[in-house]
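Under our numbering, the very last position in the sequence shown is 993; numbers go up by exactly one each time.
Possibly wrong hints are sitting among the right ones.
Derived DMTMM-like pairs (lysine to aspartate or glutamate); straight-line CA-CA distance at most 25 Å [stated by the list, open to error]:
| id | residue 1 | residue 2 |
| --- | --- | --- |
| 1 | Lys929 | Asp959 |
| 2 | Lys929 | Asp907 |
| 3 | Lys889 | Asp908 |
| 4 | Lys926 | Asp942 |
| 5 | Lys861 | Asp893 |
| 6 | Lys926 | Asp959 |
| 7 | Lys929 | Asp942 |
| 8 | Lys889 | Asp907 |
| 9 | Lys926 | Asp893 |
| 10 | Lys889 | Glu865 |
| 11 | Lys929 | Asp908 |
| 12 | Lys929 | Asp893 |
| 13 | Lys889 | Glu840 |
| 14 | Lys929 | Glu956 |
| 15 | Lys926 | Asp908 |
| 16 | Lys861 | Glu840 |
| 17 | Lys926 | Glu956 |
| 18 | Lys864 | Glu840 |
Hint data in this document are derived by calculation from the structure and do not stem from the laboratory.
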Amino acid sequence: MGMMIGRVDHAQEAAMRRAELIYAQARSELSTRLWQAALGAGDGSYARTPKMERSAQGVSLDSLMALMMARDADDAAPARRASQTKAEPLAIPTKAEPVVPAARAVAAERPAGLGVNAGFTNILQASAVRTGIPAPALAAIVNAEAAKDEDGRWRVYSRNPRSSAAGLGQFLSGTWRGEAERSGTWLNSLCIARGWVDGRGKVIKEARSQLLALRYDPEASINAIADYAKGNLDRLRSAGVHVGQGLDDIAQAAYFGHHLGIGDAIKFMKGGLQAGRARRLLDAQIGNGAANRRIAETGDAVSAHRNWLLGFVGRNIRPARFAALQPVGPGRVS
Numbered sequence: 660m661g662m663m664i665g666r667v668d669h670a671q672e673a674a675m676r677r678a679e680l681i682y683a684q685a686r687s688e689l690s691t692r693l694w695q696a697a698l699g700a701g702d703g704s705y706a707r708t709p710k711m712e713r714s715a716q717g718v719s720l721d722s723l724m725a726l727m728m729a730r731d732a733d734d735a736a737p738a739r740r741a742s743q744t745k746a747e748p749l750a751i752p753t754k755a756e757p758v759v760p761a762a763r764a765v766a767a768e769r770p771a772g773l774g775v776n777a778g779f780t781n782i783l784q785a786s787a788v789r790t791g792i793p794a795p796a797l798a799a800i801v802n803a804e805a806a807k808d809e810d811g812r813w814r815v816y817s818r819n820p821r822s823s824a825a826g827l828g829q830f831l832s833g834t835w836r837g838e839a840e841r842s843g844t845w846l847n848s849l850c851i852a853r854g855w856v857d858g859r860g861k862v863i864k865e866a867r868s869q870l871l872a873l874r875y876d877p878e879a880s881i882n883a884i885a886d887y888a889k890g891n892l893d894r895l896r897s898a899g900v901h902v903g904q905g906l907d908d909i910a911q912a913a914y915f916g917h918h919l920g921i922g923d924a925i926k927f928m929k930g931g932l933q934a935g936r937a938r939r940l941l942d943a944q945i946g947n948g949a950a951n952r953r954i955a956e957t958g959d960a961v962s963a964h965r966n967w968l969l970g971f972v973g974r975n976i977r978p979a980r981f982a983a984l985q986p987v988g989p990g991r992v993s
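Kindly produce the complete structure, drawing on both the sequences and the hints.
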């Protein structure tokens, strides 16, 4: 985040926020439609862009302004946990949160542990106990997905301007809704308790915007990451994909499922991703120009995408950075 210079009176600040919000909302909706057309159908947390419900639909500008103010309060205390009985978060920010390159270097050099993100410790450890996914693996996924401040602090309100991906886990709208409807997940239990699903287990229309806003709640997002990881690891193993027992093995396999979606993850890990799909995935991640250069270097889209993704995972999914989260004693994954 940039440094604040001088003082801005409240009226001017309100006007600035109003203009920023209007612009960001319009840009987000437009870019979502463009990327839906560009990526086509698929199965992935990043790669697929399902029909996006407009989470801000029916909300007045004054209400959105109030939500923006609530965002500032949350940024001041990102680790404030959300209970299942309190009023659901209503913040629906749309401003893109680009990852600051310096944040990657800061995070890479930090000793094992969460550092400035220590406020998320309890949520990560509780999610790990509940699902059996090691807390360092969950932290590594968040660290790879979420945008960051210059000091490496995870931005709860991270938003991908090229898709509907949002929150610490960068869940697409459709993927998030799927986890809300999947029996046994933390998110599904919350939706049942709040009356957000019907008798068939489907999210009711009236609750969709509130459900999507929960992606910006750190407790909901981290618990969803853990459930999604567990489900994907189970499906990878059922499909005959070898997933090792080491901490790196678990974290990286879970991330492939999170990043690609289970269908593409199985194909990727078995070496069977089709050229056309690989090209679309690579375009979505690094842009058409960079994708063209990589394809020219390797000779084909499948190799170019594989090299890029393996490199990204090798650099970013390193759970040993967060080893301090791992309990000592029986059951520890090394």
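Verification of the supplied hints:
no.	hint	result
1	Lys929 x Asp959	17 Å, holds
2	Lys929 x Asp907	18 Å, holds
3	Lys889 x Asp908	13 Å, holds
4	Lys926 x Asp942	18 Å, holds
5	Lys861 x Asp893	23 Å, holds
6	Lys926 x Asp959	17 Å, holds
7	Lys929 x Asp942	21 Å, holds
8	Lys889 x Asp907	15 Å, holds
9	Lys926 x Asp893	15 Å, holds
10	Lys889 x Glu865	29 Å, violated
11	Lys929 x Asp908	15 Å, holds
12	Lys929 x Asp893	16 Å, holds
13	Lys889 x Glu840	16 Å, holds
14	Lys929 x Glu956	23 Å, holds
15	Lys926 x Asp908	17 Å, holds
16	Lys861 x Glu840	6 Å, holds
17	Lys926 x Glu956	23 Å, holds
18	Lys864 x Glu840	13 Å, holds
Taken one by one, the earlier hints fail for this structure only at number 10.
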